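Participant: The lines below spell out each chain.
There are 2 protein chains.
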Amino acid sequence: MTSPLRIGIAGLGTVGSGVARLLAANAAPIAARAGRRIELRAVLERYRSRARGLKLGRAKWHRDPREFAADPNIDVVVELIGGAGGIALDLVKAALAAGKHVVTANKAMLAHHGNDLALRASRSRRALAFEAAVAGGIPILKALREGLAANKVERVYGILNGTCNYILTQMRDTGRDFGDVLKEAQKLGYAERDPRFDIDGVDTAHKLALLAAVAYGGAVDFKSIHVEGIRHVSALDIEFARELGYEIKLLGVARLTPHGLEQRVHPCMVPRSAPIAHVEGVFNAVVVEGDFVGRVMLEGRGAGSAPTASAVVADLMDIAAGRVAPGLRVPAARFKPAPMARHAGAYYLRLMVVDRPGVIAAIAASLRDQKVSMAQMIQRGRSPDKTVPVVITTHETEESSMRRALDAIARLKTVREKPRLIRVEAL
Amino acid sequence: MTSPLRIGIAGLGTVGSGVARLLAANAAPIAARAGRRIELRAVLERYRSRARGLKLGRAKWHRDPREFAADPNIDVVVELIGGAGGIALDLVKAALAAGKHVVTANKAMLAHHGNDLALRASRSRRALAFEAAVAGGIPILKALREGLAANKVERVYGILNGTCNYILTQMRDTGRDFGDVLKEAQKLGYAERDPRFDIDGVDTAHKLALLAAVAYGGAVDFKSIHVEGIRHVSALDIEFARELGYEIKLLGVARLTPHGLEQRVHPCMVPRSAPIAHVEGVFNAVVVEGDFVGRVMLEGRGAGSAPTASAVVADLMDIAAGRVAPGLRVPAARFKPAPMARHAGAYYLRLMVVDRPGVIAAIAASLRDQKVSMAQMIQRGRSPDKTVPVVITTHETEESSMRRALDAIARLKTVREKPRLIRVEAL
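Here the protein sequences line up with chains A and B, keeping their order. So our numbering is basically just the index in the first sequence, starting at one, shifted up by 1139. So our numbering is basically just the index in the second sequence, starting at one, shifted up by 1139.
Rather than coming from a laboratory, the hints here were simulated on the basis of the structure. Bear in mind that the values here come from a model prediction, so they are computed numbers and not experimental data. Honestly, I wouldn't trust all of these hints.
A pair holds if it fits inside one copy or across any two, identical chains being indistinguishable in the list.
[Claimed, not checked] Dumping the calculated DMTMM-like pairs for lysine to aspartate or glutamate here, alpha-carbon to alpha-carbon at most 20 Å:
no. : residue 1 : residue 2
1   : K1194     : D1430
2   : K1475     : E1537
3   : K1291     : E1178
4   : K1232     : E1378
5   : K1510     : E1537
6   : K1232     : E1382
7   : K1525     : D1494
Extracted from the complex, chain A is given alone in its bound form:
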């Protein structure tokens, strides 16, 4: 057996401690499969207390990121500090400059600086691996880069944030409203005290940017992503979704269209016949539609100490075995971002209207004026002169037409609340 691969872990938080535990627990099978031992030789961490319960062996304890990045006794820097910039970014740059491979789970950093870092890695001929950054333990990036690499990707989409999927699943199962379920999720530790990053779709967008870059061989283009979160999904919408045969999921979707690369994050109505409709709770899933393979779905845990560690160590094993493929293509293909106004799809609209003759006719006219074709309409019960929900689904139309129709509808006097729109994803 050849010499061991010597690694340094930066950050002994949830993921870092998981990696240390995994390397210790499965050292023998890992060495057998990778052809070399993987040894933890250095740690970068401010708090000594975080070493508690971990077998860190002879690993050198660093407090200075620069010294850590230059430590001659490590071949790979495993960056698990997090954050889009700051220490993490400086560390990764320094590590690549010092000729180290880098493995990271940091989607925020890669979403913002992935292109620059990929270029640096390519120049110093080192790996920049980040399987753990997208969908945690699910080996989706490897699947896209290698297992499904013979295909042209027609669309790639996924449930990429466990917090949102947990909240939506709970809302459906309990009939309770968003705020309520969010509070409970926070108590249970499934949502952060400041949950905006998750529930407003930013975390999903970070991951989608990476997923799309790997699937299409393009540059990471986080800024072009259309992002909507799940705040406005109501218990009422979930109820109607069920009635219409849908589940509501927060999806990140990327596809090449005649208008360019479409990247979007928003709540979707997905038909219950689609496999992704059955991905429940904190689980993540990614679906790849390839021109030859057809639809492939990978489902698993998208976060947590042990699953994320599984992905980090898989990257380390690839490096140990000499399988160093570029995570991001350099030079990357350039795609024009497709404007969201040109998105083509079906829509679900929920309106709160006064129950009065002629209301539906006015709404229907607003849709017709924009050439939006109605597929279904539901008005449940009768409550003359009270506010009642009306739900409309449309056939495929362009987002810009839908938006114009919606503006017209919102101006109708009989429409009493801001209309709610949820896109229907054809699956």
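Given chain A, put chain B in place with the hints provided.
Facilitator: Same frame as chain A, but now just chain B:
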């Protein structure tokens, strides 16, 4: 760009023609991702007519397997002839001896001769790659060998035969019986004219043997697999399954137990809350339970020209890129096969009994005598002195106890048909 990888395809049937089509259709992205062009330089095929519609370019047409295997203008032999022995086996041996890499989709050959072929490949330092042999387009072997390689596999199981899954799905959706649905599947081309290979579980067992070998790093041990097919699953059982919250799926399951490596293929009751319960029609799925990653499921098309070609070409791209990991470990770990009698699990029993006082008591006594604990009992309706179905589910027990109880039950005079047993898989 370096020199192209030169390949020869043996057999232009469903899969072989798919590979030729895929290599032509996606030549540019394949070359970009693999770092080299993959060129079809030779074909082994008896029937010229099979070239129709294919762009075979300058590929040399061979009719003699020995000449083909020795063709100095190819680096890789892609064996897509099929069959456990015969020409396919001779060809693969000759190709490895001639220093060619081998890519194959031939599960029957590998289930019977995989260990020998892996040894030959290892000795000549060539790849023996077979992603397409298990679950078609789903990149499950790569996931096990690389993406999930940091884990100890606790259990791996899957729906590995689309014909069986199609039949079971149709039976459930239409309420029709096995023979009926099989006939229709044959008409539609979803089942072979001689369907035994599929419906008796042999094809699933071939794939399971490979899946288990890759997951555990062991030798291929096809002969130790306990195999039951789906012939005896009745519409009545599917109806009861639904009532009990289960779907019936033909699974291949492998796990390490204190008694050795358990490998079994049989119809299973799977709880509807499990993701694999929602894998419908001709789709395949494999679930890996790893000690760190938890449960990961991969779902996709398990057969067909284009999906299988996707997997074959992925193997070719790995070889082109120099990622030549052994598909089967050499030397392989040796596991004692766990006897099916020691299998521990829950059971579903369906009995056709005379509706008469005391019948259930006698059955319950037979179970009690073997210390089998009942979980549920369903006897629907009343038809005094007529034959009615009684369904019993048990708590976890050992297969040998269950078998003894079943023998006793079968001997009861009030039990009018052979009792039906379906294992309940804890998921």
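Participant: As a check of your reading, is K1510 near E1537 (CA-CA no more than 20 Å) within one copy, between copies, both or neither?
Facilitator: within (10 Å within a copy, 65 Å between copies)
Participant: Checking an output row: K1232 and E1382, CA cutoff 20 Å. Within, between, both or neither?
Facilitator: Classified as neither: same-chain Cα gap 52 Å, cross-chain 59 Å, threshold 20 Å.
Participant: When Cα atoms must be at most 20 Å apart, do K1194 and D1430 count as within-copy, between-copy, both, or neither?
Facilitator: between (47 Å within a copy, 18 Å between copies)
Participant: With identical chains treated as interchangeable, where does the CA-CA distance between K1525 and D1494 reach 20 Å or less: within a copy, between copies, both, or neither?
Facilitator: within (6 Å within a copy, 58 Å between copies)
Participant: Please work out whether the CA atoms of K1291 and E1178 approach to 20 Å or closer within one copy, between two copies, in both situations, or in neither?
Facilitator: So K1291 and E1178 pass the 20 Å test across copies only (18 Å; inside, 38 Å).
Participant: If the cutoff is 20 Å on CA atoms, where do K1232 and E1378 land: within, between, both or neither? Let me know, please.
Facilitator: neither (49 Å within a copy, 61 Å between copies)
Participant: How would you classify K1475 and E1537 at a CA-CA limit of 20 Å: within, between, both, or neither?
Facilitator: within (18 Å within a copy, 61 Å between copies)
In summary, the structure is inconsistent with hints 4, 6 from the numbered list given earlier, while agreeing with the others.
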